[in-house]
Amino acid sequence: MKKNAPGQRGLLQKLILAPYSVWAALFIVVPLGFVAYYAFTDSAFHFTFDNITRFFTATSTVTEGEISREVHTYLLIFARSLKLAVISTFICLLMGYPMAYIMARASDRTQKILVTLIMIPMWMNFLIRTYAWMTILQDTGIFNGILGLVGLGPVHIIGTEGAVVIGMVYDYFPYMILPIYSIMAKMDVKLLEAARDLGCNNLGVLRRVIWPLSLPGVISGIIMVLIPSISTFYISQKLGNGKFYLIGDAIEGQYVANNLHFAAAIAFILMVILLVCMALMQRYANKKAVAA
Amino acid sequence: MKPASKVFTALIMIFLFAPIVILLVFSFNEAKSLSVFSGFSLYWYRELFRDSETLNAVKNTLLLAVCAAAISTVMGTAAAVGINKLRSRYLHAVMDTVTNIPMINPEIITGISLMLMFVFVGRLFGAATSLSFWTLLIAHVTFCLPYVILQVLPKLQQMDQSLPEAAMDLGCTPLRAFLKVEIPEILPGVITGMIMAFTLSLDDFVISYFTTGNGFQTLPIRIYNMTKKTVTPKMYALATIIFFVILALLLVSNLSDSDGSQTIKAAKQKRQKHSMKNHA
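Listed in order, the protein sequences are those of chains A and B. Using our numbering, read the first sequence as starting at 12 and increasing by one per residue. Using our numbering, read the second sequence as starting at 151 and increasing by one per residue.
Keep in mind that the hints were calculated from the coordinates and are not lab data. Accuracy of the hints is not assured; some may be wrong.
Listed below are the simulated SDA-like cross-link pairs for lysine to any residue, each with C-alpha atoms no more than 20 Å apart in a straight line [to be verified]:
#1 A:25 <-> B:171
#2 B:152 <-> A:25
#3 B:156 <-> A:256
#4 A:25 <-> B:326
#5 B:378 <-> A:25
#6 B:379 <-> B:399
#7 A:197 <-> A:227
#8 B:156 <-> A:227
All chains should be built: construct the whole structure from the sequences, respecting the hints.
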């Protein structure tokens, strides 16, 4: 083979990135365009805003006991998804942050064991784990069985928003711990010692040193829990007993009913909202990085 | 560890493992019930091995994962090499953004977007069914690629640039320098990327749900269909087997990793959807 001149290196460079560029354009970017395309067209593929407006204006009646009221179907669904996702993320953070802290302070061998233990549920199939919770929380399930042993009455959890939150927290909890833990494990212990030398008590060290430094991990964890929580559909189907319709259920339901255009509209709106939130978080993270 | 920490850790572990323990125990249940244990039996394991649809799904899933991992590793490594060599900051940023999209996007959106495109193109060509094993494979490669790139690119960036240059000074063509010098350097990243791609493909449900067709069932989809009907402990038997296989793999990888760095690295990388490096 002859030696390549510097100019020819450029050609090889361009060629090597070509397969991926084509693939990415075709299978990452273009499909998103299709979501928009389907969202803004009707079944004859004529341009229309109907799908989008349907999301915002569709109403249905909700009956609670004796009272019936008209609600905006999809706005209610979205608000509910957001509410449950935020609650689940918050609980994950509340449980995960101390756990990550404890892990980061533990001995190396203990850390290794704990990390492995936390990884095991992550590797188990998501559907089966959720289904197992369903059997635990049934009215005649194991949770109520244990409560019965201590003499407490059976609690109706399955089919409530609480059950869906439990399911979400359980399924996404490891994704909250690991980013926080990995940042904390790398934290310079000398900074903590310095803070103590300068007079901080434990709470002060936590507030002034540990929390600000762990913030990137916290944000990472929040994003990794919030996004799947908002868009899940299996958890709500199984633990919400089908009564709870989240955004993911709405999309899936429309897909199964072959209303692809409306499904695309819902997906499109979800995409836009998430994009806006991500951009805002980026800006917040950048501001913090500049200030730091 | 302080006692309070021990109690907290124990509670968290109970929370994490309670459902797993339950499904382990009930896979050996004599009766059909999933909440009342009546006796020990291997009946459901025998049922599982007689269930050809599930066994077929296992075969399909493994086949798909191997193909997806292979294709995405090759393409992803090439992409990482290409991205690393980019000189334009703008192009670099564009590539970074596009690569991040499948990681940040909710799976349901990735799945729906691919499905819509496949259905549209299928109808354009007058095909009877638009979705099949091939659309599924394309979808899997698509969501595996970013993770491969994320593993290989740092290795390339950390690599000493003078090594391939020295090889070329000694007479190698750029291609030979690449094969003999760069590839061994980045091999750990490539292998980790391949393993990640394999496991992501094995476990994927949402994207597979929207992009598979022609009756090609992967294991997660088979499990989904099983849970739509009455579930017997047969599914728990399946889960138990999966659990012990995973446990064995994790134990083996732990034994060959004495200081825990690989475990911790693998845990961080298993679903590192949001690389903070990109935002530093």
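Hints versus structure:
{"no.": "1", "hint": "A:25 <-> B:171", "result": "53 Å, violated"}
{"no.": "2", "hint": "B:152 <-> A:25", "result": "57 Å, violated"}
{"no.": "3", "hint": "B:156 <-> A:256", "result": "39 Å, violated"}
{"no.": "4", "hint": "A:25 <-> B:326", "result": "18 Å, holds"}
{"no.": "5", "hint": "B:378 <-> A:25", "result": "49 Å, violated"}
{"no.": "6", "hint": "B:379 <-> B:399", "result": "31 Å, violated"}
{"no.": "7", "hint": "A:197 <-> A:227", "result": "12 Å, holds"}
{"no.": "8", "hint": "B:156 <-> A:227", "result": "26 Å, violated"}
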